[in-house]
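There are 2 protein chains.
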Amino acid sequence: MNAPAIEFWFDFGSNYSYISVMRIEQEAAAAGARVVWRPFLLGPVFRALGWSTSPFVLQKEKGDYTWKDMQRQCRKYGLPWQRPSSFPRSAVPPTRIALANAEQPWIGEFCRRVMQLNFVDDRDIDHAGIVQEVLQAMGLPAQALWEQAQSEAWRERLRTQTGMAHQRGIFGAPTFFVGDEMFWGNDRLEDALAYCRALASER
Amino acid sequence: MNAPAIEFWFDFGSNYSYISVMRIEQEAAAAGARVVWRPFLLGPVFRALGWSTSPFVLQKEKGDYTWKDMQRQCRKYGLPWQRPSSFPRSAVPPTRIALANAEQPWIGEFCRRVMQLNFVDDRDIDHAGIVQEVLQAMGLPAQALWEQAQSEAWRERLRTQTGMAHQRGIFGAPTFFVGDEMFWGNDRLEDALAYCRALASER
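Heads up: the sequence lines are chains D and E, in that order.
Using my numbering, the letters of the first sequence correspond one by one to residues 326 to 528.
Using my numbering, the letters of the second sequence correspond one by one to residues 326 to 528.
If you're looking for bench data, these hints aren't it; they were derived computationally from the structure.
One or more hints might be untrue.
Because identical chains cannot be distinguished in the list, a pair is counted as satisfied if it fits within a single copy or across any two copies.
Claimed, not checked - Cut-off 20 Å, straight-line C-alpha distance, at most; resulting in silico cross-link-like pairs (EDC-like, lysine to aspartate or glutamate):
no.: 1; residue 1: 401; residue 2: 515
no.: 2; residue 1: 401; residue 2: 505
no.: 3; residue 1: 387; residue 2: 516
no.: 4; residue 1: 385; residue 2: 505
no.: 5; residue 1: 385; residue 2: 506
no.: 6; residue 1: 401; residue 2: 527
no.: 7; residue 1: 401; residue 2: 350
no.: 8; residue 1: 393; residue 2: 447
no.: 9; residue 1: 393; residue 2: 332
no.: 10; residue 1: 401; residue 2: 512
no.: 11; residue 1: 387; residue 2: 472
no.: 12; residue 1: 393; residue 2: 512
no.: 13; residue 1: 387; residue 2: 506
Given only the sequences and the hints, what does the whole structure look like? Please build it.
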């Protein structure tokens with residue numbers, strides 16, 4: 326029997342995605358679920374919904390709250406945290422790498438390292454150099470992976486992936502799907518995994 | 326030593342407030358915390374933020390998701406649930422009663438009954454009759470309580486209460502305060518109570 330799958334839609338610029346990226350492999354393993362990594366770009370989805378940027382920027386009150394909440398949430402989960410000096414950070418090169426290598430065994434480690442750069446080290450993550458730095462540090466063939474990921478085919482796949490996010494009703498990140506059931510937000514990761522387990526026990 | 330207090334800001338028309346109203350007395354008792362009931366009107370707060378109504382109405386995708394989420398959340402908490410045929414319901418008379426009687430021992434029971442009418446029985450809760458029905462069913466002097474609550478003094482207090490919500494940075498309901506620390510959403514009730522306990526142990 327295949328392990329039940331949890332689709333994990335996330336954006337490297339999204340702060341609550343950061344928490345889920347750091348947590349998901351361990352939590353999914355404990356639940357006996359398989360993570361399907363679905364990196365996408367939240368910016369075009371926001372624009373399709375009529376928002377020019379993150380709601381945390383558009384709505385000052387919610388934004389102010391979010392940064393306090395992030396401090397507390399990271400403390401709760403035992404994660405390091407530094408509010409990025411630029412938000413939300415665009416992250417096209419790392420997203421291309423993550424999309425082109427979503428089924429590699431090192432995908433989780435790659436995503437955690439990129440998130441750490443953004444939300445702990447406060448580094449710009451929107452350029453090819455950062456991606457090569459991460460891949461090299463992981464002992465991977467950085468140049469070859471980068472050339473593959475920036476081919477026109479993968480550029481087109483990223484546009485398709487982001488369009489699919491919008492079509493499936495995604496309006497924020499992280500979002501989890503278990504089958505057709507959608508769960509929004511890091512706060513719902515446990516519920517999504519509980520649903521995974523319930524589906525598996527029905528089979 | 327006084328028990329630490331959790332301020333509970335809620336609106337009778339707010340669906341996530343429904344879940345917290347049903348849960349808070351039991352959870353706070355388990356945490357050794359005292360609930361300070363702060364009913365207010367979310368509508369004027371939304372308008373002060375530039376929104377004409379609930380974000381769940383303004384943003385179709387988020388709204389569609391919310392109703393699925395409510396079904397799952399209510400199942401998780403063991404609460405009955407029926408999506409109201411009108412949303413968000415205005416609830417001025419019950420809010421006036423709740424405000425004027427926020428320190429009565431029956432406040433929790435009153436709020437749960439009003440929430441049940443809205444989110445389980447799908448009844449209009451924006452009129453004096455419903456309030457009298459609830460108060461009578463609880464064996465309380467309905468007419469006297471209603472006359473007091475609709476005095477000009479309490480009307481003014483409700484405007485002040487709602488203005489205070491906005492001034493304190495509230496942008497949704499439920500919102501909890503423990504001292505100056507703000508927690509937004511039913512999902513944060515446990516965190517707010519954990520913070521209460523931490524404060525109490527520091528004293």
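Going down the list of hints, with the structure as the test:
1. 401 with 515: both (15 Å within a copy, 12 Å between copies)
2. 401 with 505: between (30 Å within a copy, 19 Å between copies)
3. 387 with 516: This pair counts as between: shortest inter-copy Cα distance 18 Å, intra-copy 24 Å.
4. 385 with 505: Intra 33 Å, inter 18 Å, cutoff 20 Å: inter-copy only.
5. 385 with 506: between (31 Å within a copy, 17 Å between copies)
6. 401 with 527: Answer is between; shortest inter-copy Cα gap is 18 Å, intra-copy 33 Å.
7. 401 with 350: within (18 Å within a copy, 24 Å between copies)
8. 393 with 447: Result: close within a single copy only, 17 Å intra versus 36 Å inter.
9. 393 with 332: Answer is between; shortest inter-copy Cα gap is 18 Å, intra-copy 28 Å.
10. 401 with 512: both (12 Å within a copy, 14 Å between copies)
11. 387 with 472: Classified as neither; 40 Å inside a copy, 38 Å across copies.
12. 393 with 512: Close inside one copy (16 Å) and across copies (15 Å); limit 20 Å.
13. 387 with 506: Answer is between: at 14 Å across copies they meet the 20 Å cutoff, but 27 Å inside does not.
When held up to the earlier numbered hints, the structure conflicts with hint 11 and nothing else.
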